[in-house]
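Please put together the full structure from these sequences, using the hints given.
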Amino acid sequence: MDEQYIVIRRRATSVYSEQEAAALAHVSCEVIQRFQGLGLIEGVEMSDGERCYEEEELEQMRRMRRIRHDLGVNLAGVEVIVHLLRRIEELERELEDLRSHLSKDK
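Take the position in the sequence shown, starting the count at 1, then add 227; the result is the number in the numbering used here.
Hints in this document: simulated from the structure, not taken from any laboratory.
Misleading hints may appear alongside valid ones.
With a straight-line cut-off of 20 Å between C-alpha atoms, the simulated SDA-like cross-links for lysine to any residue are [what the hints assert, rightly or not]:
1) Lys331 to Arg320
2) Lys331 to Glu321
3) Lys331 to Ile315
Restraint ranges, calculated between C-beta atoms of paired labels, are given here [claimed, not checked]:
4) Leu298 to Glu245: 38 to 46 Å
5) Ser241 to His310: 20 to 28 Å
6) Asp297 to Cys256: 41 to 49 Å
7) Glu283 to Leu318: 15 to 23 Å
8) Leu312 to Asp332: 24 to 32 Å
9) Leu251 to Asp332: 45 to 53 Å
10) Asp332 to Gly299: 28 to 36 Å
11) Leu325 to Glu277: 20 to 28 Å
12) Leu318 to Ser274: 33 to 41 Å
13) Leu329 to Ala250: 45 to 53 Å
Computed from a predicted model, the values in this text were never measured in an experiment.
Cβ atoms here follow ideal geometry from the backbone N, Cα and C, with glycine treated the same way.
Pasting the structure below:
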């Protein structure tokens, strides 16, 4: 008899200071500030005024770094690519919702 297991991953919500995020994403603090200035990441302002970043934003920073370095795209190009990717994700969600509604109507 085959045993089946369910693996549950708990994702601890970790927040990182700008310096920690820079080190983990392999970018400089200045690049993080530019990403933020362009609206590509937000961060969370803590009570002491310091901005902190969650794991999801670290992944976004890493992705943007790869676009810049691996593909040779400048920061303006990264901004366009990121906005287009976000729009594609929105459209995919809308399409899935429409498909779901259509299948319920049948």
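Hints versus structure:
Between Lys331 and Arg320 the CA atoms are separated by roughly 17 Å; this keeps the pair inside 20 Å, and the hint holds. For the given pair, Lys331 sits about 15 Å from Glu321 by alpha-carbon distance, which is consistent with the 20 Å threshold. The hinted pair formed by Lys331 and Ile315 fails the criterion: a straight-line CA distance of about 24 Å is larger than 20 Å. Restraint check, Leu298 to Glu245: a C-beta distance of roughly 25 Å breaks the suggested window 38 to 46 Å.
The supplied range of 20 to 28 Å is met by Ser241 and His310, whose beta-carbon atoms lie about 27 Å from each other. Checked against the hint of 41 to 49 Å, the C-beta distance between Asp297 and Cys256 comes to roughly 22 Å, which is inconsistent with it. Distance hint check for Glu283 and Leu318: the Cβ-Cβ separation is about 20 Å, which falls inside the suggested range of 15 to 23 Å. The given range of 24 to 32 Å is respected by Leu312 and Asp332, whose C-beta atoms sit roughly 31 Å from each other.
Between Leu251 and Asp332, the C-beta spacing of about 47 Å keeps the proposed range 45 to 53 Å intact. In this structure, Asp332 and Gly299 break the distance hint of 28 to 36 Å, their C-beta atoms being roughly 48 Å apart. A hinted range of 20 to 28 Å is violated for the C-beta pair Leu325 and Glu277, which are about 42 Å apart. Roughly 38 Å separates the CB atoms of Leu318 and Ser274, a value that falls within the hinted 33 to 41 Å.
As the Cβ distance of Leu329 to Ala250 is approximately 47 Å, the hint placing it in 45 to 53 Å holds.
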